[in-house]
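Sequence order for the protein chains is W and F.
Add 4 to a position in the first sequence, counting from 1, and you land on the number used in this note's numbering.
Add 1131 to a position in the second sequence, counting from 1, and you land on the number used in this note's numbering.
Don't read these hints as lab results, they were simulated from the structure.
Glycine included, C-beta positions come from ideal geometry on N, C-alpha and C.
Be a bit skeptical, because a hint or two may be false.
[Said to hold, decoys possible] The calculated EDC-like cross-link candidates involving lysine to aspartate or glutamate, where the alpha carbons are at most 16 Å apart (straight line), are:
#1 W:181 with W:46
#2 W:159 with F:1502
#3 W:114 with F:1235
#4 W:159 with F:1317
#5 W:159 with F:1316
#6 W:10 with F:1426
[Unchecked claim] To give an idea of the interface, some chain W residues facing chain F are shown, with a C-beta separation under 7 Å as derived from the structure:
#7 19
#8 20
#9 21
#10 24
#11 111
#12 112
#13 155
#14 252
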Amino acid sequence: MTDIEKLHETIQQLSYENAQLSRFKKINRLMLEGLDAILCSENHDEVFARLFDVISDILPCDQILIAHLDAAQNTVVPVCRSHKRGNSVPLRYPDLQHFFERTVNLSNVKLVPEWRASMGQWLPEAQSVLIHPINTAQAAYIWLISESGIGAFSKQYEEVFVSFSAFVANTLSQFEKRSLITEKEALLEERARIESSMVHQEKMAALGQLAAGVAHELNNPLGFINSNLSSLRDYVARIEQFARQASKANSELESTFTALDMDYILTDTVDLVDESLDGMKRATDIIQNLKAFSHPDEKTIKPLDFLAVVRQALTIIRTQAKNIVDIYFDTSLENATVSANANQLAQVIINIVTNAIQAVNPGTGQINIDVIADVSHIECRIKDNGPGIDKRVQASIFDPFFTTKAVGLGTGLGLSISKAIIEQSNGELKLESTGPSGTCFLIRLPLLK
Amino acid sequence: MQVTVTRIGVNETQRFADELRSSNIYDADLNIAFGDVDAISSLASIAKGKANWLASTSCLGAMSNLGTDMGESYVHVMTISETQGVIGVASCDMGKGNVSELAESTVVSAMQKANRLGQMPSLVWIIQAPGQEEAVLSGVQAVLGNAVPVFGGSSADNAIEGKWLQFDGTQLFSNGLIIAVMYTEEPISCYFSSGYTATSTEATVTAVEGRVLYTLDGKPAGDVYNQWLQRFGQPALKPGSILSDSTYFPLGRNRGTRSDPISLLSHPSRLNDDNSLELFATLKEGEVLTLMHGERHNLISRAAEVAEVAMRTHELNYETQPKALLLVFCGGCMLAVKDQLADIQRSILNKAQGLPFVVAFTFGEQGCFPDGKSRHGNLMISATVFG
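With the hints as extra help, turn the sequences into a complete structure.
Structure representation (structure tokens):
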């Protein structure tokens, strides 16, 4: 009997110790499953909802509610709850301040005079409520765990829950810190990009001013050179007529005409003047482009249907592209209203598509134009199946006067002017991708509603 | 939290008063004190109005790390001070109404004094006159629920003559209830044990009035109990006090499951002339009583073992060294081994390893069972570890 009695007592002691130490098992399980819940959640609301499931599974309770301190309003507002019962009326923070400072285990809320008018509105069926603060790096919350019976939460329950809450607060703080670091890094990257863009824009603005100045200064001399050359061509024609008639009327003049090779000189003079006039036309075109680059026409910007502009531009281009390249235009949109200058926007489309036509192999070339829209922007992608843009020149393609074409075949202003036109409408033109399978340019413009 | 234990003799009144004054007792958050009837009477006359007291008479005096009373009158005072938290104490005279309702209002009053109305305490410690412990517990649990640990003991005198006393710092009661609700940051651990073994002998209560058991399986309870004792080689008991003789054969009621039993012990205290049995616990008709059995040497060693379990669990749970031990030892058990109290004290001293402790010998023990619910039982030992 003695041994049995001793054994019985030892079993009792071990059972007691096991029950006492089971809190560590519970805490470990809560932490493990709580960490999983936090890791696979995107935001605080999702974290809390998942944590509710974890808590309910390990620490039985009727309801769990999380309330947040709104420091600006000086109120406390429920932000998440495990059940829908009860309202979520904001309560004055000064009345609840002590709950943000220490754990309160209410075993019988009926004995707390202010309960019904206070948190009793959130948890109308509760008799026992365990309240514990959670302060993260960025926010202050209180948990409320409730039961409909009296004295539901033992000291051991409270200790387990407090340990778990400390873990949750710490883990959430770590995540908030990490999130802040990521946000900070993204902001720094954005800042660097803006700075770089500002330097580029300043460069472009200076260049635009220079171009405008040069264009203005060259315009007048080019004007009178053009006028003089036109007059000269007229004069040369009359001189030629006179010279030929005179040589035919006088044999001495005829032999001199032949000796001096006047027939060639007269013909070549006309050709020289014509070539000079062609050069003048090109110079005038450049001057016009420089003007367009420095001052995209702001006054004619108005709402228009981007899709209509694309269709209009493609009508013009298809004549040029006939038998060289297939052009496909695809969109599920019915219209896409943006604010821009219609002619300039068409010029942008024509510039990019023209470049694409020149890049692809005749006969097998293909160009796809897709237009999509999100809530705030339209996105137009112009893709070709050409050989792509050489890595060494990618950074320069939007610079004025940069061209890979032979001298005389391009001014090097097409993409820079296009970019200036799109940016004039608060949009973005960029090289989205390029490689051996082709190149894609993206035009992004704000959508008007 | 600071916990000290003081043992002061009461025979010289002036010296007793001087010693009380010179210690930090009057500055305490709570004094828990035990001694014989003379000791507690003297304490009440001198310490009235000074500090919160949870003082009670203990059978044949009390025991502490400072000594065991052997017929002399001492008070053994456990002084709790500098608590991180609050302790609220309230009391009532149980003769002035429905005991359960009185217990409810007293525990609410204690919570109000702690300024923690409605809040769950870490521990409720109770001292009360014997007789209505179940009603007291029921009242406390009506307010706080079943999850709160309630520990304590029923006041005792030396010979079950109703001379027991309770003192709360302001009033001396003979039928009093004193409740302390403890809201402390410092951890408190408790363990409650009986250690008796269930035999296969059992019967159903067929007639009972409160704590007087008339029949078991329809037969006179005294006859049935005597037959059971004889089956285990014990002599039949004669009418009169049987407190000491029945110590090794109490009656058990299972509060657990068949596979995992939790026995709530009832100690037969008197065999009446009408063959009824008086007990220190209230029974109900239909309850099955099992004859329990315990051994003398286990009674002697059990207090130290209970203390060890409580201390070990406390250290494991909270990674902190306990500051003091409060033991409640069944007075009936103590009477059965009173010639070996020195051995009991020595074994506790050995396990406590320098920790101050106080042992009260009571006529009823309250504590928390492994299922988490607190109950009143007999022949039990409890240990409360502070700090």
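We went through each hint and held it up to the structure:
1. W:181 with W:46: holds (15 Å)
2. W:159 with F:1502: Judged against 16 Å, a Cα distance of about 14 Å means the pair holds.
3. W:114 with F:1235: Measuring from Cα to Cα gives roughly 13 Å; hence the hint holds.
4. W:159 with F:1317: holds (12 Å)
5. W:159 with F:1316: The given pair, whose Cα atoms are some 11 Å apart, holds under the 16 Å limit.
6. W:10 with F:1426: Distance ~10 Å between residue 10 (chain W) and residue 1426 (chain F) Cα, so the pair holds.
7. 19: holds (5 Å)
8. 20: OK, holds: residue 20 (chain W) within 7 Å of chain F, min 5 Å.
9. 21: holds (5 Å)
10. 24: Constraint on residue 24 (chain W) satisfied, holds at 5 Å.
11. 111: holds (4 Å)
12. 112: At about 5 Å, which falls below the 7 Å cut-off, the nearest Cβ of chain F leaves the hint on residue 112 (chain W) intact, so it holds.
13. 155: holds (2 Å)
14. 252: violated (128 Å)
Checked against the numbered hints given earlier, this structure breaks only hint 14.
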